[in-house]
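Now for the letters of each chain:
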Amino acid sequence: MPGLILPRDSLGLDTRQRNHIENSLDRSTPTAGAIQYAQALRRQYRTAKQRPTFPCSTYNCHGLTFAARRTGISGSAVVQKILTEDGYERINDRSTVCPGDIILYISPITNEIEHSGIVVDADPTDPLRLRILSKWGSAHEVIHSMGDCPYDARNLAFYRMTR
Amino acid sequence: MSSQHDYDYQNAEAAFVLANTPLFLLRKLRSDPVVRAIAVDLSDDEIMSSLRAAVQQKPTDIREAVLPYLYLVALSIKGKIAPLREAAAIDVPYAEWFKYIGNYLLKSFIPTATVSVLMPKIILPQPSTPSSSTTVKNLKYSKGDSSNAL
Numbered sequence: 772m773p774g775l776i777l778p779r780d781s782l783g784l785d786t787r788q789r790n791h792i793e794n795s796l797d798r799s800t801p802t803a804g805a806i807q808y809a810q811a812l813r814r815q816y817r818t819a820k821q822r823p824t825f826p827c828s829t830y831n832c833h834g835l836t837f838a839a840r841r842t843g844i845s846g847s848a849v850v851q852k853i854l855t856e857d858g859y860e861r862i863n864d865r866s867t868v869c870p871g872d873i874i875l876y877i878s879p880i881t882n883e884i885e886h887s888g889i890v891v892d893a894d895p896t897d898p899l900r901l902r903i904l905s906k907w908g909s910a911h912e913v914i915h916s917m918g919d920c921p922y923d924a925r926n927l928a929f930y931r932m933t934r
Numbered sequence: 003m004s005s006q007h008d009y010d011y012q013n014a015e016a017a018f019v020l021a022n023t024p025l026f027l028l029r030k031l032r033s034d035p036v037v038r039a040i041a042v043d044l045s046d047d048e049i050m051s052s053l054r055a056a057v058q059q060k061p062t063d064i065r066e067a068v069l070p071y072l073y074l075v076a077l078s079i080k081g082k083i084a085p086l087r088e089a090a091a092i093d094v095p096y097a098e099w100f101k102y103i104g105n106y107l108l109k110s111f112i113p114t115a116t117v118s119v120l121m122p123k124i125i126l127p128q129p130s131t132p133s134s135s136t137t138v139k140n141l142k143y144s145k146g147d148s149s150n151a152l
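One line per chain: the protein sequences are A and B, in this order. Each residue of the first sequence is one higher than the last, beginning at 772 in the working numbering. Each residue of the second sequence is one higher than the last, beginning at 3 in the working numbering.
Calculated from the structure, these hints are not laboratory results. A portion of the hints provided could be inaccurate.
[Said to hold, decoys possible] Reference listing, derived: stretches of chain B covered by chain A, where coverage requires no fewer than 3 residues with Cβ under 8 Å from a Cβ of chain A:
| no. | stretch |
| --- | --- |
| 1 | 59-72 |
| 2 | 81-92 |
[Claimed, not checked] DEER-style ranges, computed between Cβ atoms:
| no. | chain 1 | residue 1 | chain 2 | residue 2 | range |
| --- | --- | --- | --- | --- | --- |
| 3 | A | THR800 | B | SER118 | 46 to 56 Å |
| 4 | B | ARG38 | A | ASN882 | 30 to 40 Å |
| 5 | A | ARG931 | B | GLN58 | 42 to 52 Å |
| 6 | A | LEU777 | B | THR62 | 34 to 44 Å |
| 7 | B | ASN13 | A | THR933 | 36 to 46 Å |
Remember, it's a predicted structure, so these values are computed and weren't measured experimentally. Where a beta carbon is used, it is the ideal one built from N, C-alpha and C, also for glycine.
Please work from the sequences and hints to get the whole structure.
Structure follows, in structure tokens:
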């Protein structure tokens with residue numbers, strides 16, 4: 772028998788160490804205002820590749836990066852737990868960053884992980900020329916240059932899962 | 003009292019759409035001049051009343067969705083713990099991050115006080131303007147911050 776589908780839900784999602792990953796799956800349809808803002812972002816960030824995905828709150832950037840778009844993950848502490856318990860390794864040499872690695876945008880003010888994405892293109896001769904796939908809040912998915920996004924890119928961290 | 007319709011909520015709405023985390027939204031709202039204007043223009047009771055009205059129904063657009071957070075942050079800017087504690091305790095079924103942000107604001111709360119001080123007027127050579135020799139200026143500072151104390 773199929774389970775009850777609620778507009779707002781949470782999935783049974785665990786780290787590799789079998790600890791629950793707090794998450795929130797919001798199935799409600801986006802409002803007209805959210806769609807308008809997403810369209811404004813498409814116009815504002817012209818050099819970014821705007822993926823043909825709709826604005827939604829089903830998942831957010833961390834949900835894209837760490838939960839295969841299944842759900843939203845909003846807590847910085849939750850992301851830290853995933854990094855630790857799933858065995859991500861921090862990349863200290865930025866010139867070695869390659870597609871598939873994870874980028875974190877950390878607020879220099881609050882030290883909160885405010886945004887994350889997946890590196891999809893990297894130029895080993897120029898570590899600044901990274902292209903990132905990420906989802907911008909409840910807007911759509913975007914492939915953008917590392918600094919060409921509405922999030923503070925002054926404090927970045929890179930992670931890799933190697934096994 | 004200013005009506006909520008007198009304010010431009012575009013920055014707050016954009017922050018709400020882009021927010022992946024509650025503290026991102028909080029940081030953006032704290033730096034939004036409109037939120038600061040609401041904190042200055044409206045009394046604690048007026049903000050509480052607007053907050054209670056804003057959480058009554060399920061939001062139908064971005065503005066309605068961000069207003070509870072906006073009023074909560076405005077209350078925190080006003081610098082009194084009692085209204086903030088009261089606001090954080092409100093049952094808000096449609097604002098998922100409200101409790102988290104409310105608790106964060108309570109934990110990080112620094113009380114503020116407003117004082118009036120007489121400051122000597124700086125006399126410039128020109129142009130000359132008819133005025134008194136002193137001027138009253140309202141200053142706001144954190145109680146625990148001695149660097150701003152006069």
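Hint check:
1. 59-72: holds (count 6)
2. 81-92: violated (count 0)
3. THR800/A <-> SER118/B: 46 to 56 Å: Since THR800/A and SER118/B have Cβ atoms about 52 Å apart, the given range 46 to 56 Å holds.
4. ARG38/B <-> ASN882/A: 30 to 40 Å: Once the Cβ atoms are compared, 24 Å apart, the range 30 to 40 Å for ASN882/A and ARG38/B is violated.
5. ARG931/A <-> GLN58/B: 42 to 52 Å: Because 48 Å falls inside the window, the suggested range holds.
6. LEU777/A <-> THR62/B: 34 to 44 Å: Distance hint for LEU777/A, THR62/B is violated at roughly 20 Å.
7. ASN13/B <-> THR933/A: 36 to 46 Å: At roughly 41 Å between Cβ atoms, THR933/A and ASN13/B fall inside 36 to 46 Å, so the hint holds.
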